[in-house]
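Participant: Residue numbers (our numbering), protein chains in the order written: chain A, 69 to 608; chain B, 16 to 454.
Hints are computed from structural coordinates only; laboratory data are not their basis. Heads up, a few of these hints could be off.
Claimed, not checked - Distance windows between CB atoms, simulated:
#1 B:249 / A:150: 48 to 56 Å
#2 A:359 / B:210: 55 to 63 Å
#3 A:244 / B:179: 36 to 44 Å
#4 A:471 / B:138: 40 to 48 Å
#5 B:210 / A:116: 53 to 61 Å
Unchecked claim - Rough simulated footprint, nothing fancy, chain B against chain A, three-plus residues with beta-carbon under 8 Å:
#6 151-161
#7 228-236
#8 239-245
#9 319-331
#10 552-566
Quick caveat, the model's predicted, so the values are computed rather than measured. Virtual Cβ for every residue (Gly too), placed ideally from N, Cα, C.
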Amino acid sequence: MITQKRLGLLLGCALAASALAAACDGGEGSLMGRPPIDPLATEPIPAGTEIGEPALRRLTAREWETTVRDVFGLGADWKGPSLSADRASEQGFDNDAVLLEMDESKHDELVGAAESLADTLVAAGVPAKLAPACRTAGRECTAALVDGPGQRLFRRPLETEERNRYLDVFDQVSAKTSPPAGVRWTLVSLLSSPSFLYRSELGKPAGNGRVVLNGDEIASALSYTFSGGPPSEELIARGRRGELSSPEARVAEAKKLLEGPRGHEVLALFARQWLHYEDVRSIAKDEAVVPGFSQVRQDMAEETRTVLDELLFEKKGTVRDLFSSKATFLTPALATHYGLTGTGKAERPQAIGILAHGSILSRYALPQASSPSQRGAFVREKLLCQPLPPPPPNVGEPPVPQPGLTTRELYEKIHAASASCAGCHAAIDPIGFGLEHFDLAGRFRTTERGKPIDASGKIAGAPGAPTFSDHEGLARILAASPEVAKCIGGLLATYAFGTEHGKEYTLAGARDDLAASRASLVDFYARLAAAPHFAVRKEK
Amino acid sequence: MRDREPPRVRGDTTITMNTTLSRRGLLKGIAGAAALATVIGKAGIARAAARPRRMVLLFTPHGAPAEHFWPTSINDLSSQARSTSILAPLQRHARRMNVLRGLNYAGSDNHPAIRDVFTNKTGTSVDTSIARKMGVKPLRLGVVPDYAQSFTVDGWLAFDGGVAQAHVPDPAKVYDALVASMPTGGGAPAPSGPTAAELRKIALAPAAAELEALKRRGATNIARHTEAVRRITGVSTPGAAPVVTCTQRPTFPSVEKVRGKNVWAAESFPDILAAQIDLAAFALRCGLTRVVSIQCGYVNHQAPFSWIGIGDGHHNVSHSSPGAAGRALHARCQEWFATQWAKLLDLLETPDPEDPGRTMLDNTVVLWTSEIADGQAHNCQGIPAVLFGGGGGSLKSGQVVDLGGRSHASLLLTLSEAMGQSGIDVGPGATESIREVRA
Numbered sequence: 069m070i071t072q073k074r075l076g077l078l079l080g081c082a083l084a085a086s087a088l089a090a091a092c093d094g095g096e097g098s099l100m101g102r103p104p105i106d107p108l109a110t111e112p113i114p115a116g117t118e119i120g121e122p123a124l125r126r127l128t129a130r131e132w133e134t135t136v137r138d139v140f141g142l143g144a145d146w147k148g149p150s151l152s153a154d155r156a157s158e159q160g161f162d163n164d165a166v167l168l169e170m171d172e173s174k175h176d177e178l179v180g181a182a183e184s185l186a187d188t189l190v191a192a193g194v195p196a197k198l199a200p201a202c203r204t205a206g207r208e209c210t211a212a213l214v215d216g217p218g219q220r221l222f223r224r225p226l227e228t229e230e231r232n233r234y235l236d237v238f239d240q241v242s243a244k245t246s247p248p249a250g251v252r253w254t255l256v257s258l259l260s261s262p263s264f265l266y267r268s269e270l271g272k273p274a275g276n277g278r279v280v281l282n283g284d285e286i287a288s289a290l291s292y293t294f295s296g297g298p299p300s301e302e303l304i305a306r307g308r309r310g311e312l313s314s315p316e317a318r319v320a321e322a323k324k325l326l327e328g329p330r331g332h333e334v335l336a337l338f339a340r341q342w343l344h345y346e347d348v349r350s351i352a353k354d355e356a357v358v359p360g361f362s363q364v365r366q367d368m369a370e371e372t373r374t375v376l377d378e379l380l381f382e383k384k385g386t387v388r389d390l391f392s393s394k395a396t397f398l399t400p401a402l403a404t405h406y407g408l409t410g411t412g413k414a415e416r417p418q419a420i421g422i423l424a425h426g427s428i429l430s431r432y433a434l435p436q437a438s439s440p441s442q443r444g445a446f447v448r449e450k451l452l453c454q455p456l457p458p459p460p461p462n463v464g465e466p467p468v469p470q471p472g473l474t475t476r477e478l479y480e481k482i483h484a485a486s487a488s489c490a491g492c493h494a495a496i497d498p499i500g501f502g503l504e505h506f507d508l509a510g511r512f513r514t515t516e517r518g519k520p521i522d523a524s525g526k527i528a529g530a531p532g533a534p535t536f537s538d539h540e541g542l543a544r545i546l547a548a549s550p551e552v553a554k555c556i557g558g559l560l561a562t563y564a565f566g567t568e569h570g571k572e573y574t575l576a577g578a579r580d581d582l583a584a585s586r587a588s589l590v591d592f593y594a595r596l597a598a599a600p601h602f603a604v605r606k607e608k
Numbered sequence: 016m017r018d019r020e021p022p023r024v025r026g027d028t029t030i031t032m033n034t035t036l037s038r039r040g041l042l043k044g045i046a047g048a049a050a051l052a053t054v055i056g057k058a059g060i061a062r063a064a065a066r067p068r069r070m071v072l073l074f075t076p077h078g079a080p081a082e083h084f085w086p087t088s089i090n091d092l093s094s095q096a097r098s099t100s101i102l103a104p105l106q107r108h109a110r111r112m113n114v115l116r117g118l119n120y121a122g123s124d125n126h127p128a129i130r131d132v133f134t135n136k137t138g139t140s141v142d143t144s145i146a147r148k149m150g151v152k153p154l155r156l157g158v159v160p161d162y163a164q165s166f167t168v169d170g171w172l173a174f175d176g177g178v179a180q181a182h183v184p185d186p187a188k189v190y191d192a193l194v195a196s197m198p199t200g201g202g203a204p205a206p207s208g209p210t211a212a213e214l215r216k217i218a219l220a221p222a223a224a225e226l227e228a229l230k231r232r233g234a235t236n237i238a239r240h241t242e243a244v245r246r247i248t249g250v251s252t253p254g255a256a257p258v259v260t261c262t263q264r265p266t267f268p269s270v271e272k273v274r275g276k277n278v279w280a281a282e283s284f285p286d287i288l289a290a291q292i293d294l295a296a297f298a299l300r301c302g303l304t305r306v307v308s309i310q311c312g313y314v315n316h317q318a319p320f321s322w323i324g325i326g327d328g329h330h331n332v333s334h335s336s337p338g339a340a341g342r343a344l345h346a347r348c349q350e351w352f353a354t355q356w357a358k359l360l361d362l363l364e365t366p367d368p369e370d371p372g373r374t375m376l377d378n379t380v381v382l383w384t385s386e387i388a389d390g391q392a393h394n395c396q397g398i399p400a401v402l403f404g405g406g407g408g409s410l411k412s413g414q415v416v417d418l419g420g421r422s423h424a425s426l427l428l429t430l431s432e433a434m435g436q437s438g439i440d441v442g443p444g445a446t447e448s449i450r451e452v453r454a
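Could you put the whole structure together from the sequences, leaning on the hints where they help?
Facilitator: If you want it as structure tokens, here you go:
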């Protein structure tokens, strides 16, 4: 375990070493003439792979919280900051660098959160726990906080001039008020710093049209991408020693980070934001149609979370497994709801993976009935990455169940009858019909209103316009579809890189292996770390 | 239930003082401002026997493009069209919101619907009738509420017995009337030592320097951050929230900024709205009224939103020649309003001086709506409507509610109930308030 003090020394030595190296390499004041180009800057970019531009990425609200929890050792007794949710991208991810803008409102909110946290830290005596000098609030304490937690917040050492600025905050405030207030406001200052609030991927121009990220930046990028939080002291040190420059080293580190609890949470968050399955927790169903739905909806979300975690990490599942697994996770109430037996890890008869999960089937349904339109749109948008145009402004209310008509008959009657509806619904309803064996709350059924379920359908516009006879057929098509694998791989890359361009940064080999189910989803995600974008950028 | 708790006795001397001020002085102060004849009633707010109730009505014209307005979930106010999500700036207040989808103006259409927004054809708007039953007069604040210097049918939003009531467009006049009887100093002792704003300014100085360094390194997305820091660290902080007391005249930089300016000039729009928001919160906080409405623009309102880089007039933009780009432009205008309402809500989400332990917003119902549903279609089915606040314990919140084409009369009834007033005529179309939002 490296202590805060040792980290300071490590980083300080590394800083000095890098300054020396810069001088020897021919930076300003160089004794050696023209500097050699950083080897990273001249590595060829594999064909079919892009690198992006330098960037400054604001921490998401979640990353902000994870970082301060790590740095200050905060436990469950701290309830977390009062920060509003970050805007989600069209794909549903809240870490899109473009949307994570810092406007006046967000800035004021973050400063407010900084002040609130500073109060919490001071009240709980955290400074004294982190730095013995803080047994007395004073300049020495402030210096220790800047050198310890301050460096960890910044994920890099502070330059002397920067360090002095924070000490100056203490000096000014304590002169006007008191030393404890000086410490408090210095903490506010550190927590309001752009060096904390942004992940720097600005790098340094190499002189050949490329920009090379430094070791601190690579360490941070790896840590936030694969563990959702700040880099450990060890990882920072590795970055500064240049040990994260090679793709192999980065992938190995990514795998290690993913194996930890936070790594699991990174992919759990991806699944939540991709599938929106957690929405089921607050969805209401007509009690007359689904009695007791509110008692099982939490269990449904938990089923999906648990099954996906097992599929991803224990079974090293592939895209194919997402749509062919029988795995479920049942509470007694959920087993009763589904009409299944067993509790805990169990299997359901249908081998269609997440398509059988109550969380998803209920989320993409109406309060009183299933919705082939919503489910079809789910497949189009979430599994095939085919955005649909928004409904027209004058779109009416969803079809209301009618006596004597199955849901399918109702949708066929209403949507086919209107030319303006038929255009879009012909592309989505026939997919959604494939899940009609599952009602609005994910319960399996063979009949509806006394008539046998017709779950046949087709995926219009897909290569070969595949047809299916029921949910099993639909799932088989999706499991084997290169388009689905490409979509999911692209979404994982979008999420990892925090930009819709993420898929362009992915190495072709990783994409191919995912599509052919040669790579598991977790392995694919880890292999994103091999992308050159993690270390180099193109100059703006 | 919070709204059934025993009545609280206000022990705050500030409010007691204010009540006295209201009774003795406010009318006198207002008397000189003929345009403000409707501002404050014969008495300020008498000591409440139960939780205080306040109402704010926010009107913006031209509706909203549906795909940019309606969120799928209160936890993520992003709309289906992600490029601009009108409600997203209100995310931090999401748990205090009810997004009401599926409300219609029955029997109203297009521009004339402005006259039905708060009246539903009764001839008297709910701000008038509710305030009257409470024994106060409503405070009506305008932001370019009509064509310059005019009071045309296009700007008729509030009514009393069939007679249109003007929203006052000049914040300085409103302010002068509100504070006419307040002492200019010597009320509360001046706080000793530096203020939090002064210390914050010191604490943000390193951020300013680091932003400069990042800019030199090529960061291109920090201009707004830099501006936000500059606002705090600058010599003057015109945007900073003023210290509001109810015992002596507060100073509102936002009001002083527009004093003497042409309040009908399109480019003044943001500054006037900022001032009116400060005054709305001030009047409610200090018990100078219980009912406030802010009218932004009017039907056919054509101010170009130049402050967010939109050169075409608001009405033109709302009709947004078919196509996603045109509709997105309109969405950006309406999104800007949401950012302003977030600031108003920030001011209300502060301790309620009349109800210690709760915030002003706990005891307020705020409605933001429009006369039009979709700007491009200029129809009146599915109007944008959002409620905020706890309504004195009468409302639950934090939800997107689908009302399936219900008459907006049910919304007016909801406002009446939230204000603790029964027997308000809200016109035809509803016999019940919106049960989905009742606590």
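Participant: Indicate, hint by hint, whether the structure satisfies it.
Facilitator: Hints, verified against the model:
Taken as a hint, the range 48 to 56 Å is violated for the pair residue 249 of chain B and residue 150 of chain A, whose Cβ atoms sit roughly 26 Å apart. Taking 55 to 63 Å as the suggested C-beta distance range, the pair residue 359 of chain A and residue 210 of chain B conforms, at roughly 58 Å. For the hinted restraint 36 to 44 Å between residue 244 of chain A and residue 179 of chain B, the CB-CB distance of approximately 54 Å leaves it violated. In this structure, residue 471 of chain A and residue 138 of chain B meet the distance hint of 40 to 48 Å, their C-beta atoms being roughly 44 Å apart.
Taking the beta carbon of each, residue 210 of chain B and residue 116 of chain A are about 59 Å apart, inside 53 to 61 Å as hinted. With a cut-off of 8 Å between beta carbons, the region 151-161 of chain A has 7 residues touching chain B; three or more are needed, and the interface restraint holds. Figure legend: the region 228-236 of chain A, annotated as covered by chain B; annotation consistent (4 residues with Cβ-Cβ distances under 8 Å, at least 3 required). Residue count for the region 239-245 of chain A with a Cβ under 8 Å from a Cβ of chain B: 4. That meets the three needed, and the coverage hint holds.
Under a criterion of three residues with beta carbons nearer than 8 Å to beta carbons of chain B, the stated coverage of the region 319-331 of chain A fails, only 0 such residues being counted. By the rule of at least three residues with a Cβ nearer than 8 Å to a Cβ of chain B, the coverage given for the region 552-566 of chain A is violated, with 0 such residues.
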